[in-house]
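Listed below, chain by chain, are the residues.
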Amino acid sequence: MGTRTAIAGLGFTHYYRRGQSQPRTLDELVGQAVLAACADAGVPARSIDGFSYFAGGFDTGLMCEMLGIEEIRFSAGLTGTGGGSAGAVGLAAMAVASGQAETVVCVGANQQGAQRFGTITASYAPSPENAFFAAAGLVGPGHLFALLARRHMHLYGTTREDFAAVALTLRAHALGHPDATMRKPLSLADYMAAPLLADPHCLYDFCLENDGAVAVVVTSLERARDLRQPPVPVLASCHGGAGEWGRSIYWMNMPDEVFASSGHASVARQLYRQAGLGPQDIDIAQIYDHFTSQVIMQLEDYGFCARGEGGAFVRSGAISLDGGSLPVNTDGGQLSCGYVWGMTHVREAVEQMRGTAANQVAGAETVLVTGGPSVLPVSALILGRD
Amino acid sequence: MTIAKAPPYRLFTLATNAWTAPYWEAAARGELVAACCSACDHPRMPPTPFCPRCHHQGIRWLRSSGLATVYSYTVVERAIMPGMEAYLPYVPAVVEPDDLPGLRLVSNLVGMELSELRVGLPVRLVWHRTQEGVGLTQFHLR
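Chains as they are written, first to last, in numbering that gives the first Met the number 0: chain A, 0 to 385; chain B, 0 to 141.
In case anyone wonders, no lab produced these hints; they're calculated from the structure. All C-beta atoms, glycine included, are put in the ideal place defined by N, C-alpha and C. Hints are supplied without guarantee of correctness; some may be wrong.
[Unchecked claim] Listed next, the stretches of chain A that the computed footprint assigns to chain B, with coverage defined by at least 3 CB atoms under 8 angstroms from CB atoms of chain B: (1) 127-139; (2) 149-159; (3) 369-375.
Given the sequences, and given the hints that come with them, work out the whole structure.
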């Protein structure tokens, strides 16, 4: 992908607590983020000629009706679920790099008034494949990922204190962000006193459930240089994963060697190869944090520490804005700032590379963004500075 | 003493297709079976139309004694949707049948004290039959 493409515009809504975005409609939230991203870039919304989505996406025809778009030349989404958030930016970049379209908007949004994501597993229509886990009472992603977390603890001695280190560090980051949903400090005593929703995961190991939308405008790096904002080059983005990961949490028959992982290892290899970079070159990471345990497993899969050492890594302070070698989720992440199916991580990465983040990391030149560990495809993105 | 209950089975609706139906037919008879490739013996659960190793379509059904080992588990202690309250705590688990190497099943640990739970625990199959006649696996302490 080189550095031929860049993020030229960023738009987002308020991060509402679950259900509190009503009476606004979901398409209204999406439109608000898209219009804000276009205004930020300084391009008219009618000139959008492509959309890139993930997790089912939105109705491009309706977007055209709603926003007065003149002509669409690209409309596509990654399959799967929240695994595609970071990779959807790469999909937009591919459309631009191949000449299919010039101004591609990547947008993600959720509104959880009717269906909260905490029980989304139970909302799936009964299927022959899902029958093999659904009877067990695994009604939410938190239950499924708890099975991986328990295995990680068994294999490597990972502890609840390690999970707590992620929750506490990200809460500390959120306290410095004006848009963060969670505004109070979190102590280890608070963490340990919280109810175990799905042992070993307690309340604070689960991400927030917000309503909101985030959009970015992707165009060529050359054109982005003539637009309103400093370009944020797309250094690499890819999606996929090793076939042995399959439906992962809905299958539970991944090979023993990778069961207690995030399923990102092959995407990490591909991403670093594409960027010509390695983990030592990454300054900041926005790691998809639906669960604290999966932050630990992604840090392992992206090579910031060896497999099994993620717990010690996060407890060492390495992921903290306060002197850590790899500040992680510098806005507070989905655990404490806001949850928009991974797109809040894209927002924070863009702001960090522009130098305008609320918790700006001085001198940061590269940022890793990951999509949610889930079924294949999972995805990732590296952004840089022009 | 807190004993693991059976999960909220009434939230479950069985769907089957031509490939998975034999599993559920056996379960209704109280037999635990698992699919493997009839050409190369590669395990294949849930059963799909092709063997991932040799792409042969035929399936041989292996019968299991129901003795198994706990691979991982979680204790669900909080209702996150209506209909769960009366069933807490329940314990979803991944178990490895001792006589079906390379295969894991998702099931529940039931009837045991929560403090006894651990990875590696030897367990045995007990069938639960729903009002609709669907056979569901539970695993109890051996």
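| Proximity test - 8 angstroms, beta-carbon atoms, the region 127-139 of chain A to chain B, at least three hits | holds (count 13)
| query | Within the assertion that chain B covers the region 369-375 of chain A, do at least three residues meet a Cβ-to-Cβ distance smaller than 8 angstroms? | reply | Violated - the region 369-375 of chain A has 0 residues with a Cβ nearer than 8 angstroms to chain B, which falls short of three.
| task | Count the residues of the region 149-159 of chain A whose CB lies closer than 8 angstroms to any CB of chain B, then report whether that count reaches three. | result | holds (count 3)
The structure does not agree with numbered hint 3 stated previously, though it agrees with all others.
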